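Protein sequence lines, in the order shown, are assigned to chains G and H. Note that numbering that gives the first Met the number 0 has the first sequence beginning at 0, numbered continuously upward. Note that numbering that gives the first Met the number 0 has the second sequence beginning at 0, numbered continuously upward.
It is possible that some hints are incorrect.
Lysine-lysine pairs mimicking BS3-like chemistry, simulated, CA-CA at most 25 angstroms apart [to be verified]:
1) K76(G) to K570(H)
2) K337(H) to K87(G)
3) K163(G) to K5(H)
4) K228(H) to K57(G)
5) K123(H) to K5(H)
6) K171(G) to K5(H)
7) K338(H) to K127(G)
8) K449(H) to K515(H)
9) K87(G) to K338(H)
10) K57(G) to K318(H)
11) K87(G) to K318(H)
12) K337(H) to K76(G)
13) K337(H) to K127(G)
14) K511(H) to K492(H)
Stretches of chain G that chain H covers, calculated by requiring three or more beta carbons in the stretch to come under 8 angstroms of a beta carbon on chain H [what the hints assert, rightly or not]:
15) 59-65
16) 75-89
17) 93-106
Take a look, some chain H residues computed to stay more than 10 angstroms from chain G by CB distance [as the list claims (entries may be wrong)]:
18) G63
19) M88
20) T169
21) N175
22) V185
23) V207
24) S230
25) I307
26) P378
27) N448
28) V496
29) E516
30) D546
No lab work stands behind these hints, which were simulated from the structure alone. Just so you know, these numbers come straight off a predicted model, no measurement behind them. Think of the CB as a built atom: it goes at the ideal place given N, C-alpha and C, for glycine as much as any other residue.
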Amino acid sequence: MNNYSIIIAGVGGQGVILAGNIIGDAAIASGYDVKKTDTIGMAQRGGSVISHLRIAPKIYAPLIGENQADIVLSFEKMEAARCFNFLKPGGIVILNNREMPPLSVGCGIEEYPSDNEILSVLTQKTDKVYLVEGSKKSAAIGNIKVLNIFMLGCLSQFMDIEDKIWRESIIKSLPAKIVAINISAFEAGIQAVKPQ
Amino acid sequence: MSTNNKLLSGNEAIALGAYHAGIKVAAAYPGTPSTEILENLAEYKDIYAEWSTNEKVAMEVGVGASYGGVRTLVSMKHVGLNVAADPFMAVAITGINGGLVIISADDPGAMSSQNGQDNRHFAKLAKIPMLEPSDSQEAYDMVMAAFDISEQFDTPVLLRTTTRVSHSKTIVETGNNSRKQVEGKVFKYNFRKYVMLPANARARRPLVEERVNKLAGFSETSAFNFVTKGSPELGIITSGMAYQYVKEVFPEASILKLGFSYPMPQELIKEFSSRVKKLVVIEELDPFIEEYVKSLGIEVTGKEFVPIIGELTPDVIEKAGCAMGILSEYPGTDAAYKKPALPGRFPLLCSGCPHSGLYFTLSNIGQRSTIPGRKQREPKLIITGDIGCYTLGALSPLNAMDTCGCMGASIGNAIGMQKAGVGEKVVAIIGDSTFLHSGITGLIDAVYNKAKFTLVILDNRTTAMTGHQEHPGTGKTAQGEDTYAINLEEMVKACGVTDLQVVNAWDLKAIKKALKESLESDELSVIISRGPCAVSVRRGINPSKVDINKCTTCGLCLSIGCSAIAKDGDKVVIDGSLCAGDNCRLCEQVCPVNAIYPDKPGLIGANNE
Ligand SMILES: Cc1ncc(C[n+]2csc(CCOP(=O)(O)OP(=O)(O)O)c2C)c(N)n1
Ligand code: SF4
Ligand code: SF4
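Given only the sequences and the hints, what does the whole structure look like? Please build it.
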C-alpha cells in the first residue's frame, strides 16, 4: 500500500468537495484509512476551496503540512499556485487550463498571473506539471459541470486504485441520469494525462 | 477493514451517535461549524428536530424536552453558547431528567466567525462534564457515552468540538449498533429541583459541588482519558484535534490524551507526569489544561511556545517543538522558494444577489465605493451592520458597513449611536434570520425609547450564510413541514413602527426613493428589501450584455460588485455564464448611457459551473 497526500484546489461551485468525497470513497473501498478536510469559505459562490485528502494504511492528522502534498489537483489555473506551499518537492501537479478571474481582477485592481508566472512558481519544486484542458473537454462532452470527474480521471493515473473501484465510486455518488456523461468525462481525463 | 465503515464528518458522526443513543428531540440554531448536526438529525422521521429562533430558545427547548423525560441534543456554534448562556447555566444547577447533551462547535481559527473563543471555559463555569473528540469515531462514541453520563450524574454534558473535528471526514465503525430504544421518563413535580427560587438554588449549589467531585473520580477511569506509552524522555498532554497532530509530529513521545477533559483526572495526570522527564501540554487556544496541571504544582511547558491564538496545525506544532528544543530542526520550511503574488479570491455576494441593489444604493448615498478610475469621496452616513451574507457589503467595492459585532447588534448599536448624538440619521442593516434571532427586542427598545434611525431588513427568505436553512419567516420547518410564516411587516407594525416601506430588492428606483425618504424623515423608519436568495438561480440564461459602442467605461456598474461584470482592458464585459439575467438586471438600471441590455433568451446554455 502507498501513502497519498492530495490537495484539491478550485473555486466554489466547481465540484471540489464532491471530487474529494469520491476519492475518499474509492480509497476506503481499496482498504485504506482516509482523512479528508476542507477549507471552504461561506455559502456564496466564487471563493477559493481547498480540500486536503490523506490516504495511507493509518492516518492521524487530516491536514497536510507544508511541502507534504504528493499531488496537487487544481480545477482552476491560478489556484494551483496558491497551494504551492503544500506541494512536495518532486510532487505532481495536475492543473486545469481555466482562468476564473476574481472580482479584484475584474475591477482592474489586480492582474491575473500569466501562464509563465504560474508555471515558474510550480517548477521551482517539480517538473511533473500536467496542464490539461479540463473545462474545454468537459464542455465538448456536453456539460462543463463534469469537470470534477474529468479531473478524477487524470488523478486516477497517478494512484494505485483499480479502475473498477474508481468507476463504482463515481456511479455511487451521482444521480443515475448523469452517470453516463460523467463516465465519459472520467475516460477523457485518463486520456488527457496518458503519454502520447 | 469491514466494508460497513463509513467516511463521516464529525457532525455527521454526532448526529448518527445521537440517533443511535435514542434521542427524541433535537434543537439548534444554524452556525458554522455546527450546522450539519441538526441538518442530519432532521432527516430522521422518528425524532423531533427543530431550527429554533435562536440559541437561547434552542437551549430552553432542549431543557424542556429533557425535563419532559426524553434524551435530547442541543447544538450550536461557540458564540451561540454566549446567547444561550442563561438557560445553560440554569440547567447546570437543576440537572436533567432525560439525558441532555449540548454541542458547542468551536471555531479556533475564526474561519467563519466573529471570534475564536475557547468554550472549554463554559464547562468549568457551569461545573458540568465535558468531552472533546479528536475525530469522527470519537465524536460518535462520545455522544453516546455522554447520554449515559448525563443520566448517571443528573447533569447536562458539554460535547465540545472544533471546526477541524466537525468538518473533517474520517472513518467511523458503528459495529452492530442501531437505534437504542430508551424508555421515556415521566416529568414528576419536584419543586426543589426544577424551580430555581433563590432558596432552592442555594440548596442545590452543594449538590453541584458534590457532582463535580464525583465526576472528577469518574474522569480518572474514563476510557476517553488514556495514555499511549512511548519514550520516558518526553510526555505530552493533549486533547481534541491537537492529539492527532501530536501523534504525527512526536511519534516517539508518551502521550496522555484527555477526551474527558472536564473535570480533569488529577491522579492520572500526576502519575503520567511522574513517569516522564519533560512534560509538555499541547492544546489549541487557551492554556486550559496547562493551568490545571500547574495548579497541581507540576512543572510543565506549553503556551510559551504553542500559540494561544488560532488553529493549530502539524506545521505550527512542529515549529513549537523546535523552539522548545524537543525536536531538531523544522524540516518543513518553505523559505527557499519564491512565493507567488496572487490576486485574492475573497467571498463576495453572488451575481444576482438580492442584497446587491440595496448596498449599491447605500454605498452611493454614503459615497463609499472604491473603483479604480472613480474619484474617492469623503464617506457619509453611519451604517451599523450585522452578521450574514450581507456582511460582505462591508468589503470593497461597496464598503457600506461601519460596525459588525454579533448577531442582532445593528439595531441596539444604532439606538446607542443616535443617543450618543452622532450627527446624521444612522442606518442599521440586518438580515431576516438575524432580525428574528435577536433583532426584534432591539426594535421594541427603539420604539419604546423613541430612537430615530433607519432600519433596513434584508429579507431574502432564508438563512443564506450558513447554507440556506429554514427560519420562522420561510413557512417551512427543519423537517420540511409547511408551517405559519411570520409576516415581517405585521411584526414590525405590531412593535409600533409607523414609517414602514417594502421594496423589491432589484428595483433600484424604489430602493433609492425609500432610502432618501427615510433619511430625510425625523422618525424611526423601517425598510424591508425583499427578494429571494439567488444562490441556486440558473445563471447564463438571457444574460445582460454590454454594447461596447455605447459604453464609456465610467465604471459605475463595476461598483455593484457583481462577479459577472469585469473590466477587460479598456472594455467592460459581462460573463454571460455567471449573469443571473432576468432574475437581476441591476446593471442595466445602473448604466447612465443605457449601454447594457438583455441578450436574446436561450442563447447561452446552462453553462453553470
Ligand atoms: C450567535 C450566533 N449564531 C449563529 C451565527 C452564525 N450565523 C451568522 S449569520 C447567520 C444568519 C444569517 O441569516 P440572515 O440574517 O437571514 O442573512 P443572510 O445570510 O441570509 O443574508 C448565522 C446563522 C453567529 N454568527 N452568531
Ligand atoms: S447566498 Fe444568497 S444571500 Fe448569500 S450572497 Fe449568494 S445570493 Fe446573496
Ligand atoms: S444583470 Fe448585471 S448585475 Fe445582475 S447578475 Fe447579470 S451582470 Fe450582474
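Worksheet entry | Structure-inconsistent hints, enumerated in ascending order | 5 and 20
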